[in-house]
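Q: Chain by chain, the residues run as shown.
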Amino acid sequence: MKKLLLATAAGALIAGAAGAEDIKMGISLGFTGPLESMAPAMRDGAKLAMKEVSDSGLLLDGSTVTAVEGDSTCADAAAATATVERLITAEGVKGIVGGMCSGETIASLENVAKPNGVVMISPSATSPALSTIEDNGLFFRTSPSDARQGQVMADIIMEKGINSVAVSYTNNDYGKGLADSFQAAFEEKGGTVTVNSAHDDGKADYSAEVAALAAAGGDALVVAGYVDQGGSGIVRAALDTGAFDTFVFPDGMVGTALVENFGTEISGSFGQNPAAEGEGRDTYLKLAEEAGYDGSGAFSAEAYDGAALMLLAMAAAGSSDPGTYKDKIMDVANEPGEKIMPGELAKALEIINGGGDVDYVGATSVELVGAGESAGVYREVSFNDAGEMEVVGYR
Amino acid sequence: MDILNALVAFLNFVFIPAAAYGAQLALGALGVTLIYGILRFSNFAHGDTMAFGTAVTILVTWALQAAGISLGPLPTALLALPLGIAGTAALVLLTDRAVYRFYRVQKAAPIILVMASVGVMFLMNGLTRLLIGVDEQRFADGARFVINVRDFREMTGLQEGLALKTTQALTVIVAVIVVWALFWFLNRTKSGKAMRAYSDNEDLALLSGIDPEKVVRLTWIIAAGLATIAGVLYGLDKAFKPFNYFQILLPIFAAAIVGGLGNPLGAIAGGFVVAFSEVAITYPWLKVAGYLFPGWEPGGLLQLLGTEYKFAVSFVILIVVLLFKPTGLFRGKSV
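Each protein sequence line maps, in turn, to chains A and B.
Numbered by the numbering used here, the letters in the first sequence go through residues 179 to 573 in order.
Numbered by the numbering used here, the letters in the second sequence go through residues 153 to 487 in order.
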């Protein structure tokens, strides 16, 4: 009896703390699988934003934010669905930063997030299919669609004076979407795609695939794959057999692992990945360094922005209910309002709590268009004679 | 000049990769065929024996590298190989003692032994993953190339390049040495002759005083050696990943059956037949044809099957051989 009384009293105390709650936020990324080397920096980005908001004590009367991680594996849609299911039903998260790869994201969005009415913001799922998916206004992404990347890649290749390329893509939604959008854009500009064929991840040997690409020919090879998987295998086999010297790397390939794997062997190759320039990005890199991780990792900044957008939208809606705050995400991301840089989330919350408007710029110059996806600024990189990756420009 | 270019393209993309792959399959098939000939069952655990042997070798390689020992231009894994073989031999002798001997004493039907070997396969599968994990490991060090593309082009002035990886050359050389040693052992030594006698007629061999347990032990040790060497060469040339060794079981069995189960010479021939068919059928011949017939411009890539269907080739060869020549090309035992 005494215990019951105590418990009731304690319960009353907690309930009395004026609406403040502990908001759980899910992070569903591929910590194992084909993009496992990118996932930690992305998680750290999302967590940094959550910590910033939580520490400020300004979100919904001093609510705190707790991150719950889950492994989406990137490649296995069933595993990703199970992970998101756990995050939503067992952990009760109010929003999810994820998934990481397109196929897995589509599966977990349609099977779990949509029926349960939970918001998902993907930092890195870039398939064009996600632009038109029926999402009840619950899905957003801080990365641009690959339809745009296809255009940018076609421009870069054309400007290098190359007008005949072979394309090898990883056999999934991301690879196929990117390869097709690139082919369409490249051919429209007058280029020739000699062959557009798939490779499967996780094989021991890619010499047969490369032999087919070599037979078709082309001045460069576009590798729309994953750096921790078949993508690197294709590059390795192409270098070994001398089939191609110049490679074009889209976002799934641009990473430090590429430099570690190949060094000077890929001198003269180039690529692009979504990453904005400017004040926001510099600030973010500094913040990341202070927090003890590398913020320049692919999609790390996008993950920070994804988490920040959800939390600011909660503040603007005055509620952590996904069904309510989902409508505010576009408002906080776009004009009008005070521009918000990374590290200024506390200031943003103050403005919102005071009834003002914010225009979240963040680490990647966020500007959500269409069905809630980033308009897309790409960073063009090239690999110099010393085997280092250098940033050439932004477009 | 064009004929030379065609030849170089053929060597670079078909002959060299297929020869190295064929040598790896041949060594694997030799192990399978040896067990079939002497112990009279198809050992499904052979692929995972290869994986286990390679995993042990990789661990020893890492230890050697950490100690600063290397073989110069050759991969350090060669130094680690004897220890890898010893470890694998110990494991297969243990499984023989614990599993196969029981059925042998009972004179169980071969199919029961085959099923037991499937069980052993899953066990070794798990053991290898516990030992080294499921991830891909690359452990080739030393010089990567004997001839690389750029040098070859500069040397010859040809348009096509030729690459010969150290691991490819090494695979073929080691395979030749191992096969020679095996045949010498089987034909010239007393133990080898005892093994052949036991294989030809068990009862007669027992009457002439051959110790069956000794023959069985020797067979396992040799099979473990062949499996480890095949596994390490495959891993050096491509990459080590436990799952790939499970997949390679099919082409190895295809090779052993094509050649004639139980016939060592057949296993070698079968390995090359399977490897060359796999590569030649999935290779697009457009480039080679372009050099040979300059005027001809075919629409497609002249590729018989997409590279995704590589494994299907082994299946088809298996089925065709089993249908028309169940004893294999070299007259092994019928399956």
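Any given hint could turn out to be false.
Far from chain A, by Cβ distances over 10 Å, these chain B residues were calculated [said to hold, decoys possible]: (1) Ala346; (2) Arg348; (3) Thr459.
Rough simulated footprint, nothing fancy, chain B against chain A, three-plus residues with beta-carbon under 8 Å [what the hints assert, rightly or not]: (4) 393 to 405; (5) 466 to 474.
Just so you know, the hints here were simulated from the structure itself, not pulled from any lab data.
Ideal Cβ placement from N, Cα and C applies to all residues, glycine included.
Q: If a hint holds in the structure, say so; if it does not, say that too.
A: Hints and how they fare:
Separation of Ala346 of chain B from chain A is adequate, the least Cβ-Cβ distance of about 38 Å exceeding the 10 Å criterion. Chain A leaves Arg348 of chain B outside its interface by the beta-carbon criterion, the shortest separation being 35 Å against a cut-off of 10 Å. Consistency note on Thr459 of chain B: stated as away from chain A, yet its beta-carbon is not over 10 Å from all of that chain's, at 4 Å minimum. A count of 3 residues in the region 393 to 405 of chain A with a Cβ less than 8 Å from any Cβ of chain B is obtained; the coverage claim is therefore met, three being the minimum.
Counting residues of the region 466 to 474 of chain A whose beta-carbon sits less than 8 Å from any beta-carbon of chain B gives 0, not enough to reach three: the coverage restraint is violated.
Checked against the numbered hints listed earlier, the structure breaks hints 3 and 5; every other hint is satisfied.
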